[in-house]
Each structure stands twice: as C-alpha cells, then as structure tokens.
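J.: Single-letter residue listing:
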Amino acid sequence: MSEIDLAPLRTAIEAYIPLGRSGLLPALHAAQNVYGWISEPVATEISRSLGVPLVDVHGVIEFYSLFYNQPVGKQIIRVCTDQACALKDADGVLRQFCSHHGLEPGQTTRNLALTIEASPCLGLCEQAPAVLTTDGGQWTIGTGSSESNRPSSMVYGLIRSLTANCGNGITSLASYGNYPALAKALGMTPEEIVDEIKASGLVGRGGAAFPTGVKWEGAAKAPGTEKYVICNADESEPGTFKDRILLIDDPHRTIEGMLIAGYAIGASRGYIYIRAEYPYILPVLEHALNEARETNLLGENILGSGFSFGIELRLGAGAYICGEETALFESVEGKRGFPRVKPPFPTTHGLFGKPTVINNVETLCNVPLIISQGAAEYRRIGTEKSPGPKLFCVSGDVATPGLYEVPFGVTLRELLEMAGGVVDGKQLQAVLFGGAAGAFATSKHLDVKMTFEDLRAAGLPLGSGVVMVFDETRDMRDILKRLGHFFAHESCGKCYPCQIGTQRQKEILDRISAGRVLEGDLIRLQDVGWTMTDASLCGLGQTAASAVLSAMKLWPEIFGRIKAEG
Amino acid sequence: MKDEIKLTVDGQEVTAEPGKTLLEVARAIGKEIPTICFHEATTANALCRICVVEVEGMRVLQPACIVEAAQNMKIQTRSEKVVRARKTILEMLASTMDLSEAPEILRMMDEHGASHERFPDAERREVPVKDDNPMYIRDYSKCLLCWRCVQVCADDVQYTYALSFDGRGYETQIGTFFEKSIPETTCVLCGQCVGVCPTGALKPKREYLLEQGMSPQEISVLNTGRKKRTADKRR
Chain A
198 MSEIDLAPLR TAIEAYIPLG RSGLLPALHA AQNVYGWISE PVATEISRSL
248 GVPLVDVHGV IEFYSLFYNQ PVGKQIIRVC TDQACALKDA DGVLRQFCSH
298 HGLEPGQTTR NLALTIEASP CLGLCEQAPA VLTTDGGQWT IGTGSSESNR
348 PSSMVYGLIR SLTANCGNGI TSLASYGNYP ALAKALGMTP EEIVDEIKAS
398 GLVGRGGAAF PTGVKWEGAA KAPGTEKYVI CNADESEPGT FKDRILLIDD
448 PHRTIEGMLI AGYAIGASRG YIYIRAEYPY ILPVLEHALN EARETNLLGE
498 NILGSGFSFG IELRLGAGAY ICGEETALFE SVEGKRGFPR VKPPFPTTHG
548 LFGKPTVINN VETLCNVPLI ISQGAAEYRR IGTEKSPGPK LFCVSGDVAT
598 PGLYEVPFGV TLRELLEMAG GVVDGKQLQA VLFGGAAGAF ATSKHLDVKM
648 TFEDLRAAGL PLGSGVVMVF DETRDMRDIL KRLGHFFAHE SCGKCYPCQI
698 GTQRQKEILD RISAGRVLEG DLIRLQDVGW TMTDASLCGL GQTAASAVLS
748 AMKLWPEIFG RIKAEG
Chain B
13 MKDEIKLTVD GQEVTAEPGK TLLEVARAIG KEIPTICFHE ATTANALCRI
63 CVVEVEGMRV LQPACIVEAA QNMKIQTRSE KVVRARKTIL EMLASTMDLS
113 EAPEILRMMD EHGASHERFP DAERREVPVK DDNPMYIRDY SKCLLCWRCV
163 QVCADDVQYT YALSFDGRGY ETQIGTFFEK SIPETTCVLC GQCVGVCPTG
213 ALKPKREYLL EQGMSPQEIS VLNTGRKKRT ADKRR
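Sequences listed follow chains A and B, in order.
Residue 198 is where the first sequence starts when you use my numbering, and the numbers rise one by one after that.
Residue 13 is where the second sequence starts when you use my numbering, and the numbers rise one by one after that.
Calculated directly from the structure, the hints in this document are not laboratory data.
Cβ coordinates follow ideal geometry from the N, Cα and C atoms, glycine included.
Please note that a few of the clues may not be correct.
Stated by the list, open to error - Simulated coverage check for chain A against chain B, where a stretch passes if three residues somewhere in it have a Cβ under 8 Å from a Cβ of chain B:
hint	segment
1	249-257
2	645-651
3	693-702
Isolated chain A, as found in the complex:
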C-alpha cells in the first residue's frame, strides 16, 4: 500500500484538536471527507492529535454504520428498505441499482467508484421509495429523473403554527423575524419562563412525552454554572420526518427555542445533534447560525442583555440509538453511543456530566410560540391534557402522504381523511403508530382521538407522531420482519436482553415471514419480547418488541400456524 499523505488530514481536523475527545466524531467525518474511508494511519493520526487512545478511536469507528475502516466507493448509493419505502418497492429499487452496476447490496466496485447499501429509514418516508446518494461532500436525493439536492417538504393539516414557515423553501432570518420571542423572554426572569412553559402543558415530542417545564426546572435548579442545552435532531425513528422539515425550512425557530431554553436554565452553550442521513440540513443550519451571530442573536451579550449563548453542530454517523438522550451525550463526547444507566438523569448529570436540557426539535419549536402568545393562549387549541399543536408524519398507503399539523384531539379517521384516505379505494388493514418502537392500530381505532390521554387509554403510543398506513393487501409478516431487522441492526449491544433479544426476535420473525415456523416459536417470541420490554437498559430495548407484541394480539393467525397445518 502506498504511503498516505496525512497533510490534508491535519488541515481538515485542525479545528477539532482543541476539543479533545469530543472532537472525535467531527474529526472522523472530516477524515472520511478527505479519504473516503478511515485507514489505520489516518486513525492513528487522529488518535495522536486528539489524545484519544488508539483502540477507542477504533471502537468508535466500529460502532457507527457510516464510518468505514475499509475502502468504499467514492459514491455511495443508500436505498432505504424500511417499512414505508418497502411499500413502494424499495427492494425492487435496490435490486435495479445493484443489477445495473453488477453489485450486491453492501458491495463496492473494484475501482472504488461506487458502493450500494440497503439503509435503515432515511427519514424521507413521505416520498418513498427513498434513495440518498453521497459523493464526497455532495449528495442527491431520489432516483434518476427526480433527483434533487434538497428533499421537498409536503406540509398539510388544519393549522399552520409550528409549520407556519414550512413548505416554501428555507426561511431566512429576515423573513422569520429577529427572534421576537427571545426578546420577550430576555425581559422575563428565568423562573417566569420555566413557569410559562410548565403552564403551557408542553410535553416532549420526541417520543417519551416528558413535561418540558419540569425538565427545564430540574436543570435550572441543579447546582453548577456549566450547563448545556441540546437539540436532539437525531430523528431516526422509522416513519418520522417532521424534524427534517422543521429544520430545513425554518431553522431559526429551533435556534430561538434553544436560546430561550438556555436563558431559562442558565446555560451558555448548546449543541444541535443531527443524524448523518440528513447531510443537506447542515449547510442550512450553518447559514442560519451565521445569520443569528451577525445579528447578535447568538454569541456574547445577546441584544445587550448580558446573556451569552453559543451553538455547535454535531453530526451523527448512522446509529439510531444516539437518539436516546444519554447515548447522544456519549456520542457528543466522542464515544460509542452506549446509553447510560439512569438515574442520574440528564437534568443533573448530562453532557460532560453537567446539568443538561435535551429537547426534540418539535418540542423546541413550540417554545417561541408559547413565550410569544403566552401559555393561556397556547392552550386554546388541543385538549386539556394535550394542549397545543401536533405534527403527524403520515406515510404508507394513503393518497397524500406528508407532514400534517393539527390540534391535538382530531381523530385518526379525520387525519386519514385529510390525507385522502387509503390509496386506490382499498380498505385499511393497519396503522403503525409511533414508529418501529410503536404499536399497530386497526380500523376499530379510527375514532380514537389523537391525544396522549386517549391513545394511552387505547393502548397506543403517540411516540414521535408516526402514522404509517397499510392497506388490506399488505403482508404484515413482511412488515414485522423488517421491524425485526431494524432493531437487530440498531441495538447497541450493551445490555443482554436487547443485544441477544433483537437477534433472536429477528430470526423468529424471519421464519414467520418465510412460513417456516418452528414449534414453540410463538411463546419464544413472546418471552423474548417481554424480556426485552421488562429488563432492557434503555428505551430502545424496552420498545424493540412493542410493535411485534401488539401484532400478536391483533392478528394471532399470522403467527405460527403454518407448520402445524403442514
């Protein structure tokens, strides 16, 4: 092998050296942009420069799907094969790419020009089948004739408050306005802001539905002067794409929400952690942050208030688990994305062990609304227990998939009618609620109101707002098989129930899908599912069987009778 010229690497990672270990992911991304992959001498140089043990650099590269320690193609075509895309013949699209280039999925051409990979959900579910092609620092979305370097945003619904600026391209600072909610907030005390957020009844929109005001209060009261605000933009739940649209069309709303959070808890630094499958959002955010800095809405002594706040961007590298808050901290700290045991909780021991507020993009986008109009006005829409607007990511077999903003409280039937109903006049078979970590509903749930309280009563999770529709012709066993593969691919491997359970679940679901069920598979699947649910360390394992267990209740007949009959 010829000697690798390390000079371009040194230039590329120079900015990250002062960050030490927390500069590891950015440095690895920079290295990969230069060389296409991370070779031993490159990893060694990064280890030396950042002061990270060699083996830890290796462990980090190994953890993240989108870091490569072997040569890959200059161009990489990633075809999403998760649920929503599978309905639109993603397998066929992948096969076509492969046969056209004479490759198998996961293979690279001999001249290192091209790699083709099957990918977990790319967050482009409403425009399925989704394909993301990267080429050095460039990317394109879509197949053949419909290629673009920016995904289109299809936004509908009954109201447009969170999505007021979505659907018409990027909103500049000038058209967004100079953070009026922040200006108002800076005239309030931090306690007043926390009280306002608490009074609004806002709960987290990332899936866990934790009360935002309580979280902020915890971090505000936690001892210490070094605190952090993190925007969790690692949107990776299959079927979810709302944060992508909020960030790419209206980046300032999220930034303003972070600033208000920072002021409220007494933090001076924040991070936006974006999944690597959204590379096209990075330049949009970089530009928006610059606009804010140039207008003194970000940086030192903001608007003469004495409040200072800086924001750094962090790019993930292909790991669903990093959407879990403590795994995300580990990732920002330059480690493998292993979730931490809780307690202690992030509000007291978060990023770098310091008090931290971590909120989802959509949650943060509610903050300027609440501060501008006041909690009482904010609560005028939605229900008593689920106030405010909500985004639903509607995909699958509906006439008009897209992002729907509605007040909490519309029924599933109303939402599906807005989306034009089941496509081609077919009957509804099922709706996957809340994503891969969610549960299935059927037509008997059509009149359930979409609120936290009503869905909970119906045994359905709201999760991150996924509403994925399957018509009567769909083979649910294939859907379940893909869920199984997704979790087995994304388990971090830390705790045993999830590390082994997701693998065994996948194997059993593969058999069910292929009609090769073994005696006892049904009980086996249940025991694995409940063990993961009850005993896993983090939310990934605790929900990795959620959809499967709900399907077993709804359609016992699709599991396991094949062998017995034969």
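On the provided structure of chain A, position chain B as indicated by the hints.
T.: Below, chain B without anything else, positioned relative to chain A:
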C-alpha cells in the same frame, strides 16, 4: 443508626444504610440474587440484567447491582416477571456462546430451569481462538461481553487501553485497534483481563496448551525463544 432506610424485600422488612445497593441489601439477609457482569473490582454497568428485581411503582425491572435502596421501597426478587426475564436471558446466552467453562452460569441455568435448547436454529457467535502472544489466548466463542476485560484494561485498573469493541449489537466483539495482534497493541501483558474473565474466554497460554494435550516439557521448549532473542541482541 440515624439515616437508616426501611424497605421490604419479598415482604420481609429490612433496614439498610444509605448508599447500599439492592444487591447488597438482599445478600445481607441471605437472599441470593444472581449476577453475571457484576464484579467488585470493576464499575458496575448493569449490562447482563440477570440481577433485575421488581420495584413497586417502577415501569420496568431494576438492576439490583446499581439501584440503591430507598425509603419505603418494596422489591420482589423472584416475581413472575423477574423469573421470566432471568430464564430467558440465560436461555438466550446458551443459544449464543459456549458456556462450558462458566460453571456459575450453568448452575444458574439449572436453578432457573433454563433450557440449553430453547432457541433452535439460532445464529451462534463462533470465532477461531486467537493465539497471538506468549501469555494468554482469546477464545471469543466463550465471550459473553461482560466488559470486565475492557474495563480493567482501561480506567478501572490498568490505563493501558489495548481493548475496545468491534461491531455493534449482536455483532459486538472485544477487539483491538484494527485487529492487531496483542504484541502489536499497547497491552503490557499484565494479566488483569484474564483474572476477571468469568467464562474462560481469556485463559493463560500454559493452561490452554495443557488442555490441548501438550506436556509441561513440550510447553517449556516453546519458551526457549526468549533466550535466543537475548543472544541475537547481544551480537
């Protein structure tokens, strides 16, 4: 004692000092809670989840090795949920790796009525033995990823940083920098990792060779390499 904590374990009222884990509390009253990854010398990470117990009011089972006793806590160490989780975890382990040299886990399986054949057609983690240094061998077909070796090699004991992880999820394996052989890593052959390995995945080379049927005489002949190297250097 002033700040004593009162709690109940399987209906039995117990008092404990603040800061004691549920595992310590249970063991103090003679209630056995099984553990696999837990080791006094390493930071408890609650990986194996075999020590989980049911705590009233908690949505999910709690690992006794790290959860501290709290005032008025009610815990059950052998509820139906707990037993199902432990048994299934043990059965899944047996379907994954070679437990033949992990007598404690085999005994746990017997106690829980866990079957070795519960998961037919399961993909096992099988890799060839790595025999690349004079001190110890690495047989990762026996590795159950308790993390102890990585921990003692790093901040828990030795600060050597020779070991980390390859892969992720079920594909996870203990690994070195770009799969280097042990002599090419930062390893100082301290042997701490061998000492804490619970399954015989890490084993002294001599023990391994004896098991392979070599005689002590044959093994000592292998060690003459050292003499020769010294001689070479002098020349």
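J.: For a quick check of understanding: which of the numbered hints are violated here, in increasing order?
T.: Going through the list in order, the structure violates hint 2 alone and respects the others.
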